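Going down the list, the sequences are from chains R and G.
When you line the first sequence up against the working numbering, it's residues 1 to 237, in that order.
When you line the second sequence up against the working numbering, it's residues 1001 to 1210, in that order.
Simulated from the structure, these hints should not be mistaken for laboratory data.
Fair warning: there could be bad hints in the mix.
Computed spacing ranges between beta-carbons, pair by pair [said to hold, decoys possible]:
| id | chain 1 | residue 1 | chain 2 | residue 2 | range |
| --- | --- | --- | --- | --- | --- |
| 1 | G | VAL1186 | R | ARG73 | 14 to 24 angstroms |
| 2 | G | SER1087 | R | ARG10 | 15 to 25 angstroms |
| 3 | G | ILE1103 | R | ALA17 | 30 to 40 angstroms |
| 4 | R | ILE31 | G | VAL1184 | 25 to 35 angstroms |
Here are the computed lysine-lysine pairs in the DSSO-like style, where the Cα-Cα straight-line distance is at most 30 angstroms [unchecked claim]:
| id | chain 1 | residue 1 | chain 2 | residue 2 |
| --- | --- | --- | --- | --- |
| 5 | G | LYS1110 | G | LYS1098 |
| 6 | R | LYS214 | R | LYS48 |
| 7 | R | LYS214 | R | LYS85 |
| 8 | R | LYS133 | G | LYS1145 |
| 9 | R | LYS48 | R | LYS85 |
| 10 | R | LYS214 | R | LYS133 |
| 11 | G | LYS1098 | G | LYS1084 |
| 12 | G | LYS1098 | R | LYS48 |
| 13 | G | LYS1110 | R | LYS214 |
Computed from a predicted structure; not experimentally measured.
All C-beta atoms, glycine included, are put in the ideal place defined by N, C-alpha and C.
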Amino acid sequence: MTERLQPTRRGVIGGLAGMTLAGGAAAVLSIPVMRRPLLDAASQWNDKVQAALFQPDRLAPLYQETEITRPFRYNAFYPEAYAPKLDPDTWRLGVSGRVARGTSFQLDDLRRMPQEAQVTRLICIEGWSAVGKWSGVRLGRLLDLVGGDAEARYVKFECAEGYTTSIDMASARHPQTILALDFLDQPLPRAFGAPLRLRIPTKLGFKNAKYITKIIVTNDYPGGYWEDQGYNWFAGL
Amino acid sequence: MRQIKHRSPHALWLRLAHWTLAISTLGLISSGFAIFNAAPFYDISFPTVIALGTDLTGALRWHFLFIWTFAGSLSLLILGRLIKTRSAPPLIPIRASKVRVEIVDTFRLKLAHQPGVYIHTQRLLYLGCFALLALALLSGLVLWKPVQLQALASVVGGYELARRIHFWSMTGLGAFIAVHLTMVLVAPSTLLGMLFGARVPRSEKSSEKS
Chain R
1 MTERLQPTRR
11 GVIGGLAGMT
21 LAGGAAAVLS
31 IPVMRRPLLD
41 AASQWNDKVQ
51 AALFQPDRLA
61 PLYQETEITR
71 PFRYNAFYPE
81 AYAPKLDPDT
91 WRLGVSGRVA
101 RGTSFQLDDL
111 RRMPQEAQVT
121 RLICIEGWSA
131 VGKWSGVRLG
141 RLLDLVGGDA
151 EARYVKFECA
161 EGYTTSIDMA
171 SARHPQTILA
181 LDFLDQPLPR
191 AFGAPLRLRI
201 PTKLGFKNAK
211 YITKIIVTND
221 YPGGYWEDQG
231 YNWFAGL
Chain G
1001 MRQIKHRSPH
1011 ALWLRLAHWT
1021 LAISTLGLIS
1031 SGFAIFNAAP
1041 FYDISFPTVI
1051 ALGTDLTGAL
1061 RWHFLFIWTF
1071 AGSLSLLILG
1081 RLIKTRSAPP
1091 LIPIRASKVR
1101 VEIVDTFRLK
1111 LAHQPGVYIH
1121 TQRLLYLGCF
1131 ALLALALLSG
1141 LVLWKPVQLQ
1151 ALASVVGGYE
1161 LARRIHFWSM
1171 TGLGAFIAVH
1181 LTMVLVAPST
1191 LLGMLFGARV
1201 PRSEKSSEKS
């Protein structure tokens, strides 16, 4: 036997109200200017959740050298032929902003500092991933050296070709966040950011700035090349 | 007649959770198409017209908005089911012999729909749907936080395997939705129930025969 469904007045009113609300919301959100505030708010909420989830002492998984992806993939917003060609002799790294001693480093200065190596997985926001080996100077050590304000909120990176990005201070001081000078035990090739790139295995690939020329410690939200176009800012893994 | 007890198989919280989950899942799948297109691991490409957000930037913004409504409504549905176990139609037991007979009946259009009772095939499909939703959620968590949630990542088999699991749980959900919508076409009154709610006279013991 089949029981008959009996609609109720309250149920029908609720259903119609819900459908009107959903339809109205869909219509409003079909206009780009109207949906931007909602999507921005969602992205900022995601920043907050990720900052809360971030464990300063949790290390990214390490891999064996046999697991390294070869050949490693080139990736940028321009073709490889346009990648900057920097002269290692005249290249300088400027560190400024909320630091006690604004300093300019030469490549040799960085080479003389203690080097840390890691075999980690680089994960691109596009979805693909690749395992590589990078070595260089811990960013936290460099920031200590110049008397960086550890309470400051952001560290911004400026690159030779105009690329910029920024990260939170907790991630900047993570033990695996390094300013890489070498890739696969050789000086960084041009395609992978020579002479200096950021290697931060707790963030998505686009945070791993290449061809770095300036590091700025700041409390003002610095955004970045992709972040300003809508990529989530925290972009933590 | 005045004292007949009624029960509502589609309470307001249930309808709200169902439609929020439906919209979230469709939003996640269609924005997922554009995300897949950015770095496809199979030799396919989803048409942009069905890809919410169009390109990777827009698609990710939608995807990471809908994860919250998805997680919220899915939790509400599961929690509601656990709390209302006594009034909700049972999802077990499932007997293969029953499922076989029911499927044959369905194709002969001999389907008898009884509000408030799940036939064995429905139980199988709804349990499968919950399993796929959970799998999509867990593999998605691994893709989102492969470092912070590395314990979960290693259970799932690592980041790259999680991408495949995420893709296939989405495909499975797509198949469920196709069957689900077909059944709605076969029994349109169920759509009215899920939209507007309804009540059915409460029988002392809901019979299980079809």
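Verification of the supplied hints:
1. For VAL1186 of chain G and ARG73 of chain R, the hinted distance range of 14 to 24 angstroms is not satisfied, since their beta carbons lie about 49 angstroms from each other.
2. Between SER1087 of chain G and ARG10 of chain R the C-beta distance comes to about 18 angstroms, which sits within the given range of 15 to 25 angstroms.
3. Separated by about 38 angstroms at the C-beta atoms, ILE1103 of chain G and ALA17 of chain R satisfy the suggested range of 30 to 40 angstroms.
4. The given range of 25 to 35 angstroms is respected by ILE31 of chain R and VAL1184 of chain G, whose C-beta atoms sit roughly 30 angstroms from each other.
5. For the hint linking LYS1110 of chain G to LYS1098 of chain G, the alpha-carbon distance of about 14 angstroms falls within 30 angstroms, and the restraint holds.
6. Proposed proximity of LYS214 of chain R and LYS48 of chain R is supported: the alpha carbons are some 27 angstroms apart, at most 30 angstroms.
7. The straight-line distance between the Cα atoms of LYS214 of chain R and LYS85 of chain R is roughly 16 angstroms, inside the 30 angstroms bound, and the hint therefore holds.
8. This hinted pair checks out: LYS133 of chain R and LYS1145 of chain G have alpha carbons roughly 21 angstroms apart, not beyond 30 angstroms.
9. The hinted pair formed by LYS48 of chain R and LYS85 of chain R fails the criterion: a straight-line CA distance of about 38 angstroms is larger than 30 angstroms.
10. Among the hinted pairs, LYS214 of chain R with LYS133 of chain R is consistent with the structure: their alpha-carbon atoms are about 24 angstroms apart, no more than 30 angstroms.
11. Between LYS1098 of chain G and LYS1084 of chain G, the direct Cα distance comes to roughly 25 angstroms. Compliance with the 30 angstroms bound is thereby established for this hinted pair.
12. Under the criterion of a C-alpha separation no larger than 30 angstroms, the hint pairing LYS1098 of chain G with LYS48 of chain R is inconsistent with the structure, at around 50 angstroms.
13. At most 30 angstroms may separate the alpha-carbon atoms for a hinted pair to count; LYS1110 of chain G and LYS214 of chain R exceed this at roughly 73 angstroms.
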